[in-house]
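First to last, the protein sequences are chains D and H.
At position 169 of the first sequence the residue is numbered 169 (this note's numbering), and the sequence of numbers has no breaks.
Count along the second sequence from 1, add 331, and you get the number used in this note's numbering.
Derived by calculation from the structure, the hints in this document are not laboratory data.
Among these hints, one or two may not hold up.
[Stated by the list, open to error] Covered stretches of chain D, as calculated for chain H (at least 3 residues, CB under 8 Å):
#: 1; region: 173 to 184
#: 2; region: 241 to 249
[Stated by the list, open to error] Restraint ranges, calculated between C-beta atoms of paired labels, are given here:
#: 3; chain 1: H; residue 1: Gly386; chain 2: D; residue 2: Leu15; range: 53 to 59 Å
#: 4; chain 1: D; residue 1: Arg232; chain 2: H; residue 2: Ala551; range: 31 to 37 Å
#: 5; chain 1: H; residue 1: Ala446; chain 2: D; residue 2: Leu15; range: 20 to 26 Å
#: 6; chain 1: D; residue 1: Leu15; chain 2: H; residue 2: Ala463; range: 19 to 25 Å
#: 7; chain 1: H; residue 1: Arg579; chain 2: D; residue 2: Lys231; range: 49 to 55 Å
We put the CB at the ideal spot given by N, CA and C, even for glycine.
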Amino acid sequence: MSATSRNGPTPALVLALALLTLAAAAASLVIGRDGGGPTFGFGGPALADTIVREIRLPRTLLALLVGGTLGLCGAALQGLLRNPLAEPGLLGASSGAAFGAVIMFYFGFAGASSLLLPLGAVGGSLLALAVLYALAGRRGDFLTIVLAGIAINALAAALTSLALNFAPSPYAALEILFWMLGSLADRSLAHVYLAVPLMVPGWLLVVAAARGLDALTLGEDTAFSLGFDPKRTQALVIGGTALAVGGAVAVTGVVGFVGLVVPHLLRRAVGQHPSRLLLPSFLGGALLTTLADVAIRLLPPGPELKLGVVTALLGAPFFLHLVMRSSAREG
Amino acid sequence: MTLTAANVEVAYGSRTAVRSTTIALEPGRLVALVGPNGAGKSTLLRALAGLVAHGGAVTWRGAEVAKLDGRTRARTIAYLPQDPPVHWPLAARELVALGRLPHRAYAAHESSADAAAVTKAMQQTDTLEFAARSVSRLSVGERARVLLARALAVEAPVLLADEPIAMLDPYHQLDVLGTLRAYAAGGDSGSNPRLAVVVLHDLGLAARFCDRVLLMDDGAIVGDGAPDATLGAQAIRAHYRVEPFIARHEGEPLIVPWRSLNGRRGD
Numbered sequence: 001m002s003a004t005s006r007n008g009p010t011p012a013l014v015l016a017l018a019l020l021t022l023a024a025a026a027a028s029l030v031i032g033r034d035g036g037g038p039t040f041g042f043g044g045p046a047l048a049d050t051i052v053r054e055i056r057l058p059r060t061l062l063a064l065l066v067g068g069t070l071g072l073c074g075a076a077l078q079g080l081l082r083n084p085l086a087e088p089g090l091l092g093a094s095s096g097a098a099f100g101a102v103i104m105f106y107f108g109f110a111g112a113s114s115l116l117l118p119l120g121a122v123g124g125s126l127l128a129l130a131v132l133y134a135l136a137g138r139r140g141d142f143l144t145i146v147l148a149g150i151a152i153n154a155l156a157a158a159l160t161s162l163a164l165n166f167a168p169s170p171y172a173a174l175e176i177l178f179w180m181l182g183s184l185a186d187r188s189l190a191h192v193y194l195a196v197p198l199m200v201p202g203w204l205l206v207v208a209a210a211r212g213l214d215a216l217t218l219g220e221d222t223a224f225s226l227g228f229d230p231k232r233t234q235a236l237v238i239g240g241t242a243l244a245v246g247g248a249v250a251v252t253g254v255v256g257f258v259g260l261v262v263p264h265l266l267r268r269a270v271g272q273h274p275s276r277l278l279l280p281s282f283l284g285g286a287l288l289t290t291l292a293d294v295a296i297r298l299l300p301p302g303p304e305l306k307l308g309v310v311t312a313l314l315g316a317p318f319f320l321h322l323v324m325r326s327s328a329r330e331g
Numbered sequence: 332m333t334l335t336a337a338n339v340e341v342a343y344g345s346r347t348a349v350r351s352t353t354i355a356l357e358p359g360r361l362v363a364l365v366g367p368n369g370a371g372k373s374t375l376l377r378a379l380a381g382l383v384a385h386g387g388a389v390t391w392r393g394a395e396v397a398k399l400d401g402r403t404r405a406r407t408i409a410y411l412p413q414d415p416p417v418h419w420p421l422a423a424r425e426l427v428a429l430g431r432l433p434h435r436a437y438a439a440h441e442s443s444a445d446a447a448a449v450t451k452a453m454q455q456t457d458t459l460e461f462a463a464r465s466v467s468r469l470s471v472g473e474r475a476r477v478l479l480a481r482a483l484a485v486e487a488p489v490l491l492a493d494e495p496i497a498m499l500d501p502y503h504q505l506d507v508l509g510t511l512r513a514y515a516a517g518g519d520s521g522s523n524p525r526l527a528v529v530v531l532h533d534l535g536l537a538a539r540f541c542d543r544v545l546l547m548d549d550g551a552i553v554g555d556g557a558p559d560a561t562l563g564a565q566a567i568r569a570h571y572r573v574e575p576f577i578a579r580h581e582g583e584p585l586i587v588p589w590r591s592l593n594g595r596r597g598d
């Protein structure tokens, strides 16, 4: 008889990840940054409350929420598409959201109200996924979805470039560009309140698909014969991802590769089970994103690096490594 | 208590894969579905499993299978596709346990009934010895047996299996067909008769192990009955285009395709 963890997600792994995430969050509350580089502590009792509540708490909470969203949705999409190279960006959700936000910048709405930018992002993400559905959803064929996702990504990127090209002023173009790089700096609790109502329903939809993802391990026919219609699983994962990733991009811009790297690192530890990968990937995504955001603050004095730049610098070589390994295996 | 197909018809575009077919299949039987390549065996099996849109109706105990909710259907009809993909290299036992998904509530732990069903299915397919091994490290035949165990573990009253022995060595071909016959008969006590429909290409094994043989050709059932009646030399010549060698050994039928015949199908 196998001694593997046949009764759900490995509790030791979940506990370890949860503790590490808490430690990272605590570090994120204690470590700050100013013009002279990293700062530690709270700068005196008079300031402590303000610094923590106004600056570091929103930043920490958003790192946890956005990282968790990207890890969870990455794991779910990999299960749905049965491909370890899948990622929220793949479906066009992230680039659609970025385009929606850029439109708000472009027409100058972002200055009018801090709420309009996130709403634009969610609208863009939903629009991208609606187009995806119109193109490929009813066929229910996963390869078509991937190809449609690539096309939507390309279109969203082209439209975003167009908006940059026609930006009303160099300053506006710079603002758009900076926002698109993905960052957690200078966010407030209002951003948290805006993202959470989108993320939580998204998470619930994705998690509801857990057993359907396990069934899909043996292909669509077997999944259906086990009582899990692949079309329903697909609707739950795609709809949930649109909501949660739309909410995430709305408040932080595009933070790439977390959804790719985290599930991949944890897959072996959960015995390759798609459903058991979900919770650990959520925690792992929150952990990795928080650590990356802390690391940014620890760098020597100079302009603060954007979070999206750091995750891309770390993630892109990792992605390349995965692609080369999988093509070596097939070749 | 039967699985019936009434005027079931399947078309892929303009091509008719299964012509209007009406059959009734009773529990307690191991039924072989045989016929040459492209005869429509797999498509009929998929229609019985509710996997493909079809004309007519497939019913189980009077209820239309297409209208059952997913969970009820999954507990009633277990389906094993021909050479299904395994997308993640799970441990063999974990893969077999997927067969218990229709019996488990969301996030529920494995019950003792689940564990017993998984262990029994692995015993029956001779796969317990590599329960903890990743399926990516199994041979093709070993993997095929693990996948069959997954279907057996559902413990459904109906099992539809598409070429479950095609990849197996002779020992395991005999062993698995014996297991399937026992599955249909209802175990050692015979108290729980089930229906098993199996697509086979080995006519000799079909004749020896199965209670009933459905012979398909060109989308239609052209022979239905006891093996001796269905798999006569004349039928094999007409539908398989081979000259068979037919004999008896130890009181059981022995059918060997001996020589391919020239000429078109159905001559």
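We went through each hint and held it up to the structure:
Using a Cβ-Cβ cut-off of 8 Å, 0 residues of the region 173 to 184 of chain D lie near chain H, which falls short of the minimum of three, so the contact claim is violated. Only when three residues or more bring their CB closer than 8 Å to a CB of chain H does the claim for the region 241 to 249 of chain D stand; here the count is 0, and the claim is violated. The supplied range of 53 to 59 Å is met by H:Gly386 and D:Leu15, whose beta-carbon atoms lie about 55 Å from each other. Taking 31 to 37 Å as the suggested C-beta distance range, the pair D:Arg232 and H:Ala551 conforms, at roughly 34 Å.
Restraint check, H:Ala446 to D:Leu15: a C-beta distance of roughly 25 Å satisfies the suggested window 20 to 26 Å. Against the hinted window of 19 to 25 Å, the Cβ-Cβ separation of D:Leu15 and H:Ala463 comes to about 24 Å, which satisfies the hint. Checked against the given bound of 49 to 55 Å, the beta carbons of H:Arg579 and D:Lys231, roughly 51 Å apart, stay inside it.
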